[in-house]
Amino acid sequence: MAQVLDIVTTAAILYVVAAGLLIIFGVMKIINFAHGGFITIGGYSALAVTQLGWTPWASFGFAFAVGCLCGMIIERLVVRPLYARPLDAILATWGLGIIIGQVITLAFGREVQFVQAPIRGAIDALGASYSQYRLLLVPAAIGLALVLTWVLNGTRLGLETRAVIMNENLARGLGINSGLVRFITFSLGSGLASLAGAFITPLSSVDPNMGVPWLVGAFMLVLVSGVSLLSLAIACVVLGGAQVLVSTYGNPILGGLTIVVLAALILRLRPAGFARE
Amino acid sequence: MPESQVPAVVAASDAPNGRSSAQLRAVIAVSLIALALIAIAPYVLPMFMVNSLIRAFLYAAVALTVDILWGYTGILTFGQSAFFGIGAYATGLIFTHLGFSPQHALLAFGAAVVVAALVAAVVGWLSFYHGASPLYASVVTLVLPIVVAQILYSGGEFTGSSSGLSGFESFDISIETWFRIAGAFLVVLTALAWFFVRSDAGRVLVAIRENEARCEYLGINVSRVKILLMIACALIAAIAGYAFAGVQMVVAPEYAGFVFGTELIIWVALGGRGTLIGPVIGTLAIDVSTAYLSGNLPFVWKLIIGIAFVAVIVALPQGLMPPVASALRRLHRRASPQAPAFVPSLQAMTAEHFAGLSGSAQHAIEVRDVRKHFGSLKVLEGITFSARRGELLSLVGPNGAGKTTLIRCIADGGERSEGAILINDRDIARRPPYACVALGVGRKFQAANVFETLSVAEALRIARTRLQRPLFSARAPTLEVPNAVVKVLQATGLDQRLGIEVRHLSHGQKQALELAMVLALEPGVVLLDEPTAGLTRPERALIGQILTELAAQEGLCILLVEHDLDFVREISSRVIVLHQGQIVLDGTVAEVVGSELVRDIYAGGGSMRSAGARA
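First to last, the protein sequences are chains A and H. Residue numbers are given in our numbering: position 116 of the first sequence equals residue 116, and the series is strictly consecutive. Residue numbers are given in our numbering: position 404 of the second sequence equals residue 404, and the series is strictly consecutive.
Just so you know, these hints were derived from the structure itself, not from any lab. Honestly, I wouldn't trust all of these hints.
What the hints assert, rightly or not - Covered stretches of chain A (chain H as the covering partner; in silico rule of three or more C-beta atoms under 8 Å from a C-beta of chain H):
no.: 1; stretch: 166-180
no.: 2; stretch: 215-226
no.: 3; stretch: 245-257
This one's a predicted model, so the numbers in the text were calculated from it and none came from an experiment. All residues carry an ideal CB built from backbone N, CA and C; glycine is no exception.
Throw the hints in and build the complete structure from the sequences for me.
Below, the structure is given as structure tokens:
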């Protein structure tokens, strides 16, 4: 039973981590390799909240706000000139990730530090004793998915965003300010990455390179999901589930490779991945 | 059939051979100076510098392979570190577990190149297939170093896990000698790469970067070229890794990892992708300064590199080398301005038949009950017709009738949903475009589809790659093409512009160049999708005349999609009318022009005239 919980919570964590990357990729067709850097920013935002002595619950909102703000600045300075060069955008955002990591190292030191979790301890769930915080991430991921779905399908901004996703030139011709849509998308995606960083830090610890391992996994999940929030959920359950099973019955190192290897093979056999063609 | 005209020798540059041998001398001279510097440097430089430079030389050799893959061929690879790591671990593992001996050194070398080649072949097979996106290849090269590093981490005692292997016995060679070996390796490699990328074969790589689809339709097996290149680059990286482990006597998983893979890209990008020298200088400068500065300003230095990298990618995508080189050139303004581009002399071939023509074939094209649907949308339904050599068959019909789809199905075996297509009586089955070219198909696209940054002569050379193996070390001094190609070039004035970059040509000349490239394939069946779209009236008449001559004199079977009924009437020997995915009429020009049915179809979808204006 604990394994089912492992799979569900792992999928939830992956979903939270990959959502911001998916939004940016979907709208801007740009792979944001600074995603790992933004996750790190979120982790250190949570650390700052702990150090300031605020309630740990504040770390989520704080991390989201810091991520959005950094995303806005970076979109203006770096990402905007690269819209027409998607492969270069990967490289420039990877460079940004390096910059973020070094600035954080200079500000906070390079050692591993710990963040206070908002809730601690275990509860009995499905007949097993399980970490409360991990379980909390499941409703958090579902809530995030619902909010994003509502923003995309229930608001004016979402409508314009979907128009840009489908046909940017046509959208621009219809008077949609696609530059603004991109700006908002990038800062929102950055904020989500940072929020994800705040979500995952109570599970382990923070260090200046904490985002990089998550970046690669999130990148692969986004590639197999296309641009759909629903197929991202499916990908997280399937690949996250495979990761848990391989780690349990194989070994943890192979488990760590499960997502990247499976995703690469899936893309080879079916370039659309989990998305409908 | 008239004898081919005088072998036209036109527009040869003043002394192509003299110029290339001057370049050869210059490169050899620079290489010799570099080798001499490397020979004396260990006497002059401090030991720490010598040590750092050995490492930097080997890293630069790997950076060179990244430049060839990414800068020249357009494959953004994160994975060259994995091959470096494979080479290093082959040495480390064998020397640690079997001990050092000359035999074991050879064994380690063999293991390094064999494993690297096998892994590269698998990675290449995964990454490069017909229809693969360039991003997918990058994804696979990103996964590779992650997998290799994780395997090394999980190797326990055998691979030394995260601390790697160290303290093993290695070659009994002094540091000074290692310095000279590594330096000479880098200089020779750079010189060879310099000749290679400027050779006819090297131009093929640039053509793939510029327009991969056009290369496929010129009969080049792009996936195979990329896989072979991947293997060659993997071997070089593995040899660098082998030497690295031999001299440093330490290996660690980081050397095979993803972060090192991205560092290689940073060095190449800063130095200047696609310049060879830039990445070498970039790697040497950054790696040596890192060795000196990372002690004093550990995090700030890496921050500076990160900022420089982002700034270069955003503002100077070609890296620091091109601006530096042009500044140097301005300083040294020589008496003679920049030398003109190398232009081979054009020669008409004397061969009697096109390679793609088969005299014994009953039909040039045979299309049997071909269907194409996208889901429930039927684009082609039960298309059946055949055509013989010498026929000039026009395909007309309103927009959306399925004309271009039919052309696409004939040129790419993977396109149709059902039915069979035979070229020269041979079934194309599910062959990809390059293999259809081998059967005798040549396809010209609707919009001029050429190589913008290549010269006219280079573009024609690419089109000849399938039939004439390109040189790997130099430019061939002559360009031999079928007589028909010479005619097209002469008629459109392109024979006087062989050295001009294609992007400077007019729209009409680009269309003519693409037609010439298709004819240079010596096809038996030529598929032309609106060859006259956007051309002026005289240009159109000229193309029409060339096409009728080709059909009548060379025996080509030409299938033409055209909206301009006047043009169709002038040149066709037969017309097929498509409507809503079906053939509604197949007959002579007179039959089609007089047909009530055709008039009705066009009356429903606008007149032929207005359809033609849409192009």
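Item to complete: Hints the structure violates: just list their numbers, smallest first.
Response: 1
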